[in-house]
Amino acid sequence: MKFKVNGDEVFASTGGRPFDKKKPLIIFVHGSGLTHMTWVLQTRYFAFHGYSVLALDMPGHGLSSGESLKSIEEMADWVSDVIDSVGYKEASLVGHSQGCLVTIECTAKNPDKIKTLSLMGGAGAIPMNPELLSLAEDNNPKAVDLMMDWAHGPAGHFGGHPVPGLYHINTGGMLAKSRTIKNTLGVDFRACDNYKNGFEAAKKIKIPTLSILATGDKMCPINEGKKLAALIDGSRVEIIDNCGHMMLLEEADRVLKVLKSFVLENFPPKKS
Amino acid sequence: MTDKKNKSTDPKTYKFDTLSLHAGYQPHKNAGSRQVPIYQTTSYLFDDVDHAAALFNLERGGHIYSRISNPTVAVLEERVASLEGGTAALATSSGMSAIFLTVMTLCEAGDHLVVSSQLYGGTVNLFRLTLPKFGIKCTFVKPRDTEGFKKAIQKNTKGIFGELVGNPGNEIMNMPEISKIAHDAGIPLIVDATYQTPYLCKPFEHGADIVIHSLTKWMAGHGSSMAGILVEGGNFDWMQNDKFPTMTKPYEGYHGLSFAEEFGPTAFTMKARAEGMRDFGPCLSPQNAWNVLQGIETLSVRMKKHCSNAEEMVKYLLGHESVAWVSHPSVPDHPDHELAKKLLPNGRGSMIAFGIKGGKDAGVAFINNVKLASHLANVGDTRTLVIHPASGTHSQMDEATLKFAGLSHDMIRLSVGIEDIDDIKNDFEVGFRAARKPRLVSNQ
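In order, the protein sequence lines correspond to chains D and F.
Going by numbering that gives the first Met the number 0, the residue at position 232 of the first sequence is 231; the numbering climbs one at a time, nothing skipped.
Going by numbering that gives the first Met the number 0, the residue at position 280 of the second sequence is 279; the numbering climbs one at a time, nothing skipped.
Calculated from the structure, these hints are not laboratory results.
Any given hint could turn out to be false.
Listed below are the simulated DSS-like cross-link pairs for lysine-lysine, each with C-alpha atoms no more than 25 angstroms apart in a straight line [said to hold, decoys possible]: (1) F:Lys28 / D:Lys217; (2) F:Lys179 / D:Lys176; (3) D:Lys181 / F:Lys11; (4) F:Lys14 / D:Lys141; (5) F:Lys28 / D:Lys259; (6) D:Lys141 / F:Lys28; (7) D:Lys176 / D:Lys21; (8) D:Lys22 / F:Lys28; (9) F:Lys149 / F:Lys179.
Stretches of chain F that chain D covers, calculated by requiring three or more beta carbons in the stretch to come under 8 angstroms of a beta carbon on chain D [what the hints assert, rightly or not]: (10) 10–22; (11) 60–66; (12) 74–85; (13) 264–272.
Computed from the model, here is a short list of chain F residues facing chain D with C-beta under 10 angstroms [unchecked claim]: (14) Pro70; (15) Ser307; (16) Glu310.
Glycine included, each C-beta is placed from N, C-alpha and C at the ideal position.
If we strip away everything but chain D, and leave its shape as in the complex, we get:
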């Protein structure tokens, strides 16, 4: 659906079901240069099981208008504004990669607004490889190819996706190339590289938090994710083996199973 946030038109997938304000809200925040479509194998379950879902296209990404936001702090404020704009007082957040930095920051700043936090392939800081950052800022499509290479684990490079016929490395690459690379991936990578508040923000988080980490994650290595999780009181850590950073595409079913269990326990849908 489309709606306005701070005057700009925003697109979010509602998981294939009408947006219903009577249901609890889960917001999904994508990673660098990507779009709402990375969440398609997680959002539809929640939309069909008692939740209102918003898988966002961040400003300047996917089908959202405006320009890409230049810092993680701005993105975190924007996610909080999204919650206000759709008329909610609280929401559960799910983030992937850069989306983890955004949701950590948002949760730390809005402790009463965010009820649960789910982090996939997260870390307290995501310093960028200088060559990758430079390629993205130079609008070089090789940045996307490299990201897709590094973001998929050894098994993921072979394919074998649960959705019949979908070849996920090319699908992820196409999402990242759907807008001008330097304006999406380039800006996002720079924002990740500049962000230094992740560990401090994590210490402030007191809500139920889940970290889903992958053994083959080269973008945010598993130990970095564990380091972050250790700073969050009572954080639950789930490990997906034989999988890389793009776990939500590579191992969509296993990720959904873990996420489902956590969200249903800590942010249950209303009984009808």
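Fit chain F to the supplied structure of chain D, relying on the hints for placement.
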């Protein structure tokens, strides 16, 4: 010294020959079976009612019923998508069903397509005679008439379709220019690249949006199995205009789902499967999918040999006294020779059309007397194949349509196999001798 071949910023994603053998399959998820298993089953157990509902609602990936998807077929689909550089693919029971599903996913009654005139005869009949019964009309344009494609576009046109190298005359569509025409009009370019396989050309790199193959041909390669596939490039924006409401508007068949919004770069394939395969049902058998996978494992090896043999045959035919003309993109005076260099850098393919001196009678005598080359209605076998299109593959066309499609009565269509090249030439000598004395030989 810098090792340019192994720079840290070179992506290490697998390359063509590796993908041909491995893409789409993980042994550790299949009992460690090194070979892709043949899932010879109609249907799949649900864990519970919630799991069943999730599959039917497209909440998660998985298999329900082999008409819609099958694990062996899915490996083939991913493998071809990976080789083409596409986002997703849907395999079908034949190349024709892949074309039909593509059109039915794209169009509704009242819509229109612009279509290249040089196509396999069955495809011509689909567009000329069968689709109008569904209310879908087509305008045919000669493949080299690039401007003609532009002029033929109407308000209700939903796409441009063509064979990259036309069957049987070897005319090449100027894919980069025609894709620009299509995209300027906000419609996709659909390319049948059966003759090329992704080894010779990757149409997405030249502007195509959907690629179709009859996998029966070079991809499977051994003349054993029927199969087809449609592959999505993932780059076409279905939401840029209001031409594709069935892609962009809520679809009643899946609780108001918008395929374009929900599935983006894989929206077309998702719709073709969820609606087209569900409702029309031209599914590929797992056994045939497996047979095609065996062929794809050696695709690049075979294509190199097909192309080198074809180039040898072109030289032989050009120098032969019984041959009136030869059409193959490797011939320097072929009108599309330069375009072929750009679009087909790994080889110009193994389809040759040639005219035999003496016209139809000579052609018939030639076909009836070659022994190694097989006279049959197929192309892309490992074995050399010949046919006389005017009396075979394109025989349902009337004189005017034959002429418009560029077919002459002296034309022989040759699909060069991978036999020893001298044996093919020796066999052709027998055919040509008979062609010079058609009555004597045909009476033997």
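Would the hint linking Lys176 (chain D) and Lys21 (chain D) be met if the CA-CA limit is 25 angstroms?
violated (36 angstroms)
Please verify whether Lys179 (chain F) and Lys176 (chain D) have alpha carbons no more than 25 angstroms apart.
Judged against 25 angstroms, a Cα distance of about 19 angstroms means the pair holds.
Going straight from one Cα to the other, do Lys14 (chain F) and Lys141 (chain D) come out at no more than 25 angstroms?
holds (15 angstroms)
Take the region 264–272 of chain F, compare each residue's beta carbon with every beta carbon of chain D, and decide whether three or more fall closer than 8 angstroms.
Per the Cβ count (4), the hint holds.
Is the Cα-Cα distance between Lys28 (chain F) and Lys217 (chain D) 25 angstroms or less?
Status holds; Cα separation ~22 angstroms.
Pair hint Lys28 (chain F) and Lys259 (chain D), alpha-carbon separation not exceeding 25 angstroms
Satisfied, since the Cα-Cα distance of roughly 23 angstroms is no more than 25 angstroms.
Less than 10 angstroms between beta-carbons is the criterion; does Ser307 (chain F) satisfy it with respect to chain D?
Constraint on Ser307 (chain F) not satisfied, violated at 30 angstroms.
Is Lys22 (chain D) close enough to Lys28 (chain F), meaning Cα to Cα at most 25 angstroms?
Not OK: Lys22 (chain D) and Lys28 (chain F) at ~37 angstroms, beyond 25 angstroms, violated.
With a C-beta cutoff of 8 angstroms, work out whether three or more residues of the region 10–22 of chain F approach chain D closely enough for the coverage to hold.
Coverage by chain D holds for the region 10–22 of chain F (6 residues, Cβ < 8 angstroms).
Mind taking a look at whether chain D covers the region 74–85 of chain F? Criterion is 3 or more residues with CB to CB distance under 8 angstroms.
With 8 residues closer than 8 angstroms to chain D, the region 74–85 of chain F meets the three-residue bar; holds.
Pair hint Lys149 (chain F) and Lys179 (chain F), alpha-carbon separation not exceeding 25 angstroms:
With Cα atoms ~10 angstroms apart, Lys149 (chain F) and Lys179 (chain F) stay inside 25 angstroms; holds.
Any CB of chain D closer than 10 angstroms to the CB of Glu310 (chain F)?
violated (32 angstroms)
When the structure is compared with the earlier hints, violations turn up for hints 6, 7, 8, 15 and 16 and for no others.
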